[in-house]
Amino acid sequence: MTRNAREVDVLIVGAGPAGLAAGAELAAAGVERVEILERDQEAGGMPRHCHHGGFGGRLDRTAYAWASATGSEYAPAGTSGPEYARRSVRAALAAGAALRTGVTVTGWAGPHAVETTGPAGLERITARAVVLATGARERPRSARLIPGTRPPGVYTTGELQQAVHRYGQRIGTRAVVVGNEPVGHAAAATLRAAGVHVVAMVTDQPDSPVRPRSRRTPLLTGATVTALTGRSRLSGVALRHDDGRTTTLHCDTVVLTGDFVPEHELARRGEILLDPGTRGPAYDAAYRTSRPGVFAAGNLLHAAERAGFAAQEGRAVAVPVLHRLAGTDEPAGHGRRLVVDAPLRWIAPNVTGPDGARPPDDRFVLRTARRLPRPLLVVSQDGRELHRQRSLLPAVPGRPLHLAADWVDRVDPHGTSVRISAL
Amino acid sequence: MTVTLTTTGPLLPGTDADCAYDVTVVGAGVVGSAIARELARYDLRTALVDAADDIGDGTSKANTAILHTGFDAVPGSLEARLVREGRELLAAYAAETGIPVERVGALLVAWDEDQLAALPRLRDKAARNGYHASRVIDAGELRAREPHLGPGALGALEVPDESIICPWTTPLAFATQAVRAGVHLHLNCRVRGVDSDTEGHTLTTSRGPLRTRYLVNAAGLYADEIDRLLGNEVFTVTPRRGQLMVFDKLARGLVGHILLPVPGPEGKGVLVAPTVFGNVLLGPTAEELDDKTATGSTAEGMRLLREKGRRIVPALADEEVTAVYAGLRAATGQEDYRIQEYPELRYVAVGGIRSTGLTASMAIGRHVTGLLAATGLEIAGPRALPLLTMPNLGEAFPRPCLSPGLVAEDPAYGTLVCHCEQVTLGEIRDALSATIPPHSLDGLRRRTRARGGRCQGFHCGAAVRALFEEARP
Chain H
1 MTRNAREVDV
11 LIVGAGPAGL
21 AAGAELAAAG
31 VERVEILERD
41 QEAGGMPRHC
51 HHGGFGGRLD
61 RTAYAWASAT
71 GSEYAPAGTS
81 GPEYARRSVR
91 AALAAGAALR
101 TGVTVTGWAG
111 PHAVETTGPA
121 GLERITARAV
131 VLATGARERP
141 RSARLIPGTR
151 PPGVYTTGEL
161 QQAVHRYGQR
171 IGTRAVVVGN
181 EPVGHAAAAT
191 LRAAGVHVVA
201 MVTDQPDSPV
211 RPRSRRTPLL
221 TGATVTALTG
231 RSRLSGVALR
241 HDDGRTTTLH
251 CDTVVLTGDF
261 VPEHELARRG
271 EILLDPGTRG
281 PAYDAAYRTS
291 RPGVFAAGNL
301 LHAAERAGFA
311 AQEGRAVAVP
321 VLHRLAGTDE
331 PAGHGRRLVV
341 DAPLRWIAPN
351 VTGPDGARPP
361 DDRFVLRTAR
371 RLPRPLLVVS
381 QDGRELHRQR
391 SLLPAVPGRP
401 LHLAADWVDR
411 VDPHGTSVRI
421 SAL
Chain Z
1 MTVTLTTTGP
11 LLPGTDADCA
21 YDVTVVGAGV
31 VGSAIARELA
41 RYDLRTALVD
51 AADDIGDGTS
61 KANTAILHTG
71 FDAVPGSLEA
81 RLVREGRELL
91 AAYAAETGIP
101 VERVGALLVA
111 WDEDQLAALP
121 RLRDKAARNG
131 YHASRVIDAG
141 ELRAREPHLG
151 PGALGALEVP
161 DESIICPWTT
171 PLAFATQAVR
181 AGVHLHLNCR
191 VRGVDSDTEG
201 HTLTTSRGPL
211 RTRYLVNAAG
221 LYADEIDRLL
231 GNEVFTVTPR
241 RGQLMVFDKL
251 ARGLVGHILL
261 PVPGPEGKGV
271 LVAPTVFGNV
281 LLGPTAEELD
291 DKTATGSTAE
301 GMRLLREKGR
311 RIVPALADEE
321 VTAVYAGLRA
331 ATGQEDYRIQ
341 EYPELRYVAV
351 GGIRSTGLTA
361 SMAIGRHVTG
371 LLAATGLEIA
381 GPRALPLLTM
391 PNLGEAFPRP
401 CLSPGLVAED
411 PAYGTLVCHC
421 EQVTLGEIRD
431 ALSATIPPHS
441 LDGLRRRTRA
451 RGGRCQGFHC
461 GAAVRALFEE
471 ARP
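Protein chains in written order, with full-length UniProt numbering: chain H, 1 to 423; chain Z, 1 to 473.
Don't read these hints as lab results, they were simulated from the structure.
Each residue gets a CB set at the ideal place from its N, CA and C atoms; glycine is no exception.
Warning: the hint list may mix true and false statements.
Which residues of chain H face chain Z? A partial, calculated answer using Cβ under 10 Å [to be verified]:
1. R39
2. D40
3. T104
4. T106
5. E115
6. E138
7. P147
8. T149
9. L160
10. E263
11. E265
12. R268
Sample of chain Z residues with no beta-carbon within 10 Å of chain H, all distances over it, derived [to be verified]:
13. T4
14. Y42
15. R81
16. L89
Simulated coverage check for chain Z against chain H, where a stretch passes if three residues somewhere in it have a Cβ under 8 Å from a Cβ of chain H [to be verified]:
17. 286-298
18. 312-322
19. 447-456
20. 460-469
Starting from the given sequences, assemble the full structure and let the hints guide the process.
What follows is the structure in structure tokens.
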């Protein structure tokens, strides 16, 4: 027995918002063989598990424009995650993209060729262009280096949402939610839907970017999780407060939320250069990675932005992919790296170029490691200041901070990397 | 094949002298399971009992997973002999049953002049242990072989036969083969008392009485307590906690060999080693405790490990940690195993089996069987056990999802459930219906690796739990 070998025009890895949007756009643009691979049994990505509104609508204004122009489906404001996922799948299929679920890419077989496994067998698929849209995950307890015992009852939001909404599994009675980014509130809502009392939300940050949505749930700020306790079942979460106090919250469930990291395994296995800040592939405004013909979109590039933003990128990646297929793409390799100084954590895109290309909405996305009340962002290259802008809104960990892109034409293509600092 | 595996209810065959077990092994870790497997080769009625709900659930599940050569043992000790013999036996057994082993070799890295000067002595000690293949290499060769090693390494002792092995498949293979050959396995069965008489012993257990003619104590951390129930006051087990960190398999390329420190006054020290699952292991700490249940990790332990790890392989610091765990080694204050037969008691104590126990397990099984015979147990004519093939969890050997023939035969092997570890529906189904099935999600993880990867269940946790609960309502 050997692998079945096939060829396609564009292979998209991952059928979340970015991958599905890229597939829909490319198929609608007339690319004949667009194939989207999804390792899960069902397409749609993370929104499938987010049983709350807030998908689509004004946050997704380019989707609205695109839908109006093409007469295709559009998710109005307030759409739930699962409904958003279904609409995204329908749009990709209606446009003519092939969607194969339950198929996992296990590795590379060439610069634009991958090996796959699925119930129907093993394949080697060679494409003219590849789009990586493998998304992101929340870092689990081990990666967060939380000490203590290893009892059951420790979740990430992703696992919790699937356990509750997809499988109807029993969760517990009393839960602590770690993190108070929007995803933390989604986790608390999921817990309540499952009949679990949310004892508290806990964050190591000094104050809150979002008001707690429930008056019933206290928010403990400036509190670090120092240990998990319990043997056959979680019995508590030990905390150290900024003022030195230590307490233990008694609970049988803890949900570790946020702290997203890109699912970059396939990119790394392909020796595609990563950005040290995002830990996703380094990329430019044309979504080009360090390997010509391999593009990336969505939260693989910046963990994590909203679904609508990932979908916007998915549609945008179609243009450079079409150039690639037509042989009219600008040669890569002239971009300068964008590097951030602490407390900034990352910037996306993080490579300049190509000429004329701009990031979505003409602005870069950044993240900060700590709260900055009114950050002054300064862009410089080789000691020369290219741009400065004062943000009137505070920058908060886990939430996007934006930087206008109108300075990119001033970057010296022969200079060294471009540095972005927050003062 | 009649398999007797019980987890609840009274124990057969009860207290009736006519239907007593010939031998009962207390403790189903890697050592107890190896002893039970060895006894299964004889015409005996044997029981293997454990307090936990799974085999290998104590110290055995949390070790450094190394198949030692015994190069650094105390020459002439029982441990040195059993490690040397056990290594040969286990290497052959692993090849026969499909337990993953990789001969990656070890490098004892010298970071200062004193350590460098110690290398020839360690090579000579290895020779006294019957191991002649080790050699000293200089800084240049070391750097060429381990390009990601931190700055300052001056040289190393190469021990080319040190290997890595799957620590979970090994006891499972022993216990599976034992049970298939007629050994009764009783789980959730804690021994609380022992009444000995001229004919044998009546054990009082959490599941009722159990009658046996001969008794083997392989209770690991609790071996001293069982020993006292027999009236002995010979040794005390002091748990020595070893915390370990496991790095994501994307870090595997950073480490080629088992990187050992040169032993110093503080013991064997912290190592960096590949695992057969394709991860990188960093540890262990060595903390003397008095709590035999203190298997938690600590901030201090992790800080120490990360500091040491940063020195040995600096690039490890950028990799994701997929697991932090702690094992308790059964230290008894003596630098050797404490294996002692008591003919008048029809009893053999197997205590003080340290981190080399995995390597020595099969030799311990043979040694203990010999002691039982010397004690009066009638055994004759060992028989060959039916062949066993274990599911492969090793990254260096074909995984089901990468085997076109297997997937064509059964699409369940092409249906991935745990993506980080590439575990298929077929493998999970097989583990759940195996001779010794798991009784917890952790047990399923040790049998399949499901939920054991970098996402720790973010993507697949609920799906794996659903499969587990469906099979074991």
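Against the structure, the hints:
For R39/H, the interface hint holds, the least distance from its beta-carbon to any beta-carbon of chain Z being 6 Å, beneath 10 Å. The interface hint given for D40/H holds, since its Cβ lies 8 Å from the closest Cβ of chain Z, which is under the 10 Å cut-off. Hint status for T104/H: holds, given a least beta-carbon distance of 5 Å to chain Z, under 10 Å. Against a cut-off of 10 Å between C-beta atoms, the interface hint on T106/H holds, since the closest Cβ of chain Z lies about 6 Å away.
Of the supplied interface hints, the one on E115/H holds, with its beta-carbon coming within about 8 Å of a beta-carbon of chain Z, less than 10 Å. Taking 10 Å as the C-beta contact cut-off toward chain Z, the hint placing E138/H at the interface holds, the least distance being around 6 Å. The restraint placing P147/H at the interface with chain Z holds, with a minimum CB-CB distance near 5 Å, inside the 10 Å limit. Interface hint at T149/H: satisfied, since its Cβ lies 4 Å from the closest Cβ of chain Z, which is below the 10 Å cut-off.
Given the 10 Å rule on beta carbons, the hint for L160/H holds: about 8 Å separates it from the nearest Cβ of chain Z. This hint holds: E263/H has a C-beta 8 Å from the nearest C-beta of chain Z, less than the 10 Å allowed. Residue-level restraint check for E265/H holds (minimum Cβ-Cβ distance to chain Z is 6 Å; threshold 10 Å). Interface restraint check for R268/H: the shortest CB-CB distance to chain Z comes to about 6 Å, inside 10 Å, so the restraint holds.
With a cut of 10 Å on Cβ distances, T4/Z stays outside the contact zone with chain H, its closest approach being about 26 Å. Against the 10 Å criterion, Y42/Z stays outside the reach of chain H, whose nearest CB is about 37 Å from its own CB. Here R81/Z stays apart from chain H, with its beta-carbon at least about 36 Å from theirs, past the 10 Å limit. Non-interface call for L89/Z relative to chain H: holds, since the shortest CB-CB distance, roughly 32 Å, exceeds 10 Å.
Proximity of the region 286-298 of chain Z to chain H, defined as three or more residues with a beta carbon under 8 Å from a beta carbon of that chain, is established by the 5 residues found. Under a criterion of three residues with beta carbons nearer than 8 Å to beta carbons of chain H, the stated coverage of the region 312-322 of chain Z is upheld, 3 such residues being counted. With 3 residues bearing a CB less than 8 Å from a CB of chain H, the region 447-456 of chain Z meets the requirement of three and the coverage assertion stands. Three residues within the 8 Å Cβ limit are the bar, and the region 460-469 of chain Z against chain H gives 6, so the coverage statement holds.
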